[in-house]
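Trainee: Keeping their order, the protein sequence lines are chains U and A.
So that you can map any letter, position 144 of the first sequence is 144 in the UniProt record's numbering, and since no number is skipped, the others follow by simple counting.
So that you can map any letter, position 229 of the second sequence is 229 in the UniProt record's numbering, and since no number is skipped, the others follow by simple counting.
Hints in this document: simulated from the structure, not taken from any laboratory.
Do not rely on the hints blindly, as some may be mistaken.
Identical copies go unnamed one by one, so any copy, or any two together, can satisfy a pair.
[Unchecked claim] Okay, derived cross-link-like pairs now, DSS-like style, lysine-lysine, Cα gap no bigger than 25 Å in a straight line:
| no. | residue 1 | residue 2 |
| --- | --- | --- |
| 1 | Lys-362 | Lys-122 |
| 2 | Lys-30 | Lys-121 |
| 3 | Lys-30 | Lys-122 |
| 4 | Lys-30 | Lys-362 |
| 5 | Lys-181 | Lys-362 |
| 6 | Lys-172 | Lys-121 |
Number of protein chains: 2
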Amino acid sequence: MQAIQVGLLGIGTVGSGTFNVLRRNQEEIKRRAGRGIEIVMVADLDTQRARQIVGPDVQVVADAREVIANPDIEIVVELIGGYGVARTLVLEAIAAGKHVVTANKALLAVHGTEIFEAAQKKGVMVAFEAAVAGGIPIIKALREGLTANRIQWLAGIINGTTNFILSEMRDKGLDFDVALKEAQRLGYAEADPTFDIEGIDAAHKATLMSAIAFGIPVQFDRAYVEGITQLAAADIQYAEQLGYRIKLLGMSKRREGEGVELRVHPTLIPARRLIANVEGAMNAVLVQGDAVGATLHYGKGAGSEPTASAVIADLVDVTRLATSDPQHRVPHLAFQPGALRHVQVLPIEQVITSYYLRLRVKDETGVLAQVTRILADAGISINAVLQRGTGSAAQNAHETDLIILTHNALEGSMNAALARLQQLPAVLAPIVRIRKEELA
Amino acid sequence: MQAIQVGLLGIGTVGSGTFNVLRRNQEEIKRRAGRGIEIVMVADLDTQRARQIVGPDVQVVADAREVIANPDIEIVVELIGGYGVARTLVLEAIAAGKHVVTANKALLAVHGTEIFEAAQKKGVMVAFEAAVAGGIPIIKALREGLTANRIQWLAGIINGTTNFILSEMRDKGLDFDVALKEAQRLGYAEADPTFDIEGIDAAHKATLMSAIAFGIPVQFDRAYVEGITQLAAADIQYAEQLGYRIKLLGMSKRREGEGVELRVHPTLIPARRLIANVEGAMNAVLVQGDAVGATLHYGKGAGSEPTASAVIADLVDVTRLATSDPQHRVPHLAFQPGALRHVQVLPIEQVITSYYLRLRVKDETGVLAQVTRILADAGISINAVLQRGTGSAAQNAHETDLIILTHNALEGSMNAALARLQQLPAVLAPIVRIRKEELA
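Using the sequences plus the hints, can you model the full thing?
Mentor: Here you go:
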């Protein structure tokens with residue numbers, strides 16, 4: 001059987017990894033797939049660089065539409081990134097009857113509904129294992145491996161840049177700005193790190209996983225997104241003393257009969273959990289299913305060849321299924337298109353979680369009583385209290401840090417309580433509030 | 001579309017879990033699969049118990065052959081276990097044109113080649129996600145998710161009983177016999193625990209993963225198998241002091257141009273590795289691929305519903321592919337049947353690994369020199385030495401434990417060196433040798 005012909009749109013880091021791995025392991029991949037998979041055409045604005053990567057046997061063009069127009073090409077791999085031209089090209093590829101493999105989480109998290117509908121109508125596949133957690137086959141696990149389960153929640157460390165920064169902050173006691181510079185110097189953070197450090201990249205990925213896990217449309221615009229730029233080294237240390245690590249967690253949770261929580265924010269998690277020990281740029285996703293219990297999926301979440309591993313897994317899947325009846329394929333979002341439920345993403349005020357609070361207060365009798373009273377009035381119960389002086393004792397002899405861990409509470413109630421607490425004369429600085437998840 | 005009809009052979013722990021989860025999540029599973037999946041007939045010798053589990057709407061029979069003979073049943077789920085009657089029934093089901101889903105690692109590790117060939121000839125599928133690591137979708141990850149990779153090695157904690165015992169030994173300083181009794185009391189070990197504690201169960205699973213990872217036939221009879229019954233609490237403590245944990249690891253490694261290592265034995269692994277922190281009855285498999293690097297897959301390795309999760313994932317896969325062209329399905333061992341390579345499993349003497357040695361020696365000058373000379377003569381280089389007196393100092397004032405960590409060496413060379421070391425007059429007891437893997 002002739003090799004299936006593939007066209008590549010964009011040959012940067014992931015594209016060159018895909019080309020190289022596919023060539024290096026072509027024999028092994030063919031032994032698995034039963035059919036060769038060949039990249040025959042590459043579109044990239046930098047044709048000279050593209051030519052250097054692919055050598056003389058592959059056609060290189062500057063215009064992506066030449067790839068889409070090529071009738072021999074059955075699968076188009078989109079590795080351009082972003083929402084703009086990538087969206088247009090993916091829709092054009094679908095319209096031309098091509099299957100699409102993409103690593104573009106931003107595109108699918110924002111325009112997924114439109115793209116999946118177009119693909120469904122045309123009877124082609126859109127595969128996106130590489131869009132979440134690099135080489136970890138987490139999309140396949142959610143779509144197929146755990147398909148028996150009613151997924152209850154999932155929580156992931158799905159952004160390597162922020163996890164690297166948080167690891168550095170904890171290990172070396174660094175402040176955020178210093179750790180960010182270190183990450184940039186080592187290539188773990190981009191010159192403009194906004195998407196990573198503000199949690200947007202993690203939210204794109206959490207949005208996709210949430211849709212697959214719960215059978216709902218992608219709803220990135222409803223996600224609550226909070227990055228790590230406001231995290232202080234002091235809170236990481238206090239968390240440590242209380243037996244917790246702070247991670248940027250992407251979470252989605254089913255709330256029976258109410259909706260779905262979808263949120264990205266710094267989160268205290270118990271240090272003894274395996275996922276709390278995922279360090280540096282590594283990724284991990286924890287999935288809680290009603291039958292299987294908890295499973296953890298760990299590996300490199302980015303990089304040329306780890307991401308290529310996921311792109312090629314999709315190419316093999318699509319190759320196997322290309323000749324099959326569309327109704328027997330695994331649907332894009334794991335649920336049959338007609339079976340997606342329009343469950344709402346709950347606003348952050350309706351989220352239920354537990355909290356870490358740090359209050360800089362006057363060190364005088366009665367303050368703790370005032371604070372706990374306000375929390376009790378709001379129906380928030382306290383799990384643990386830690387009182388510590390920080391910094392130079394001489395300088396701040398009359399100030400202290402009051403750390404409070406709460407039990408589960410409604411975010412709206414917490415907001416109201418925080419507004420009241422902030423008004424107390426004994427509270428000397430803006431209150432720090434970090435969400436906490438026990439993950440069990 | 002009418003629900004696909006399934007027959008169950010054996011309704012014990014996993015069978016009842018499968019029945020219950022399938023019924024409980026039937027709507028969600030149908031939304032995913034696009035077609036209902038229905039258990040319509042159950043064969044079990046204890047028909048009364050079976051009837052209690054499945055209720056009045058499912059046909060219950062004592063004779064498994066009635067299930068196989070039922071023309072409406074497209075998938076037979078074999079949950080009887082063992083090599084005997086299960087083998088006959090699986091082969092008969094295949095001959096009758098039924099797809100087979102099984103959790104029977106023993107059967108496939110020993111008779112897999114015969115069974116997969118029969119299925120191939122008949123054009124039916126044999127799916128066995130539940131045979132390895134319970135609910136963790138590791139078979140799917142190896143067959144599909146990591147398909148781009150040349151797998152270099154895999155290492156798994158794939159027997160919950162022994163991992164529970166080892167966790168207890170380490171946590172509480174218990175001896176093996178005491179920890180085993182505790183495990184039996186809590187239901188983590190069977191009355192006859194031989195298959196688990198002697199490493200046979202882990203070897204069945206390692207054999208299956210090895211075949212899928214490397215595209216070789218199942219070769220259980222060539223696996224090296226060593227259990228945990230000889231492990232002393234002292235070695236677990238010494239390992240801890242050196243920064244290692246002892247786990248029963250199932251390993252398989254590609255040795256380019258030479259063959260494949262396939263072995264199960266107690267293994268020192270660095271405590272800082274995530275997999276070293278897999279405690280209690282949990283399972284985890286670490287896979288090293290050339291493109292993706294290391295991925296870890298963690299979860300419950302046994303139990304009614306976790307295993308049912310895997311059985312049902314297979315049912316959904318088979319349901320989706322039942323109408324497809326056999327040549328486009330993922331083959332049983334992930335590689336196309338004609339593309340399996342007859343690579344040999346290397347005998348244990350040709351395995352390359354590093355070692356932990358404990359020698360009970362006379363506490364006198366010159367002993368360390370004698371020991372290191374013999375190791376050097378065998379070409380074995382030393383990584384670390386630890387010398388500790390144990391027990392009551394008064395009683396054993398003239399004895400000491402000499403702990404040696406070596407670099408990588410050929411097992412055959414180590415055997416020869418150990419034979420010489422054992423002859424030294426200064427060596428007072430049988431030498432303890434435990435293999436060590438850095439897993440990086």
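Trainee: Could you run down the list of hints and mark each one as holding or not?
Mentor: Hints, one by one, checked against the model:
| no. | hint | verdict |
| --- | --- | --- |
| 1 | Lys-362 to Lys-122 | neither (66 Å within a copy, 80 Å between copies) |
| 2 | Lys-30 to Lys-121 | between (30 Å within a copy, 21 Å between copies) |
| 3 | Lys-30 to Lys-122 | between (28 Å within a copy, 23 Å between copies) |
| 4 | Lys-30 to Lys-362 | neither (70 Å within a copy, 60 Å between copies) |
| 5 | Lys-181 to Lys-362 | neither (35 Å within a copy, 56 Å between copies) |
| 6 | Lys-172 to Lys-121 | neither (53 Å within a copy, 61 Å between copies) |
The structure fails hints 1, 4, 5 and 6 (numbered hints given earlier, in ascending order).
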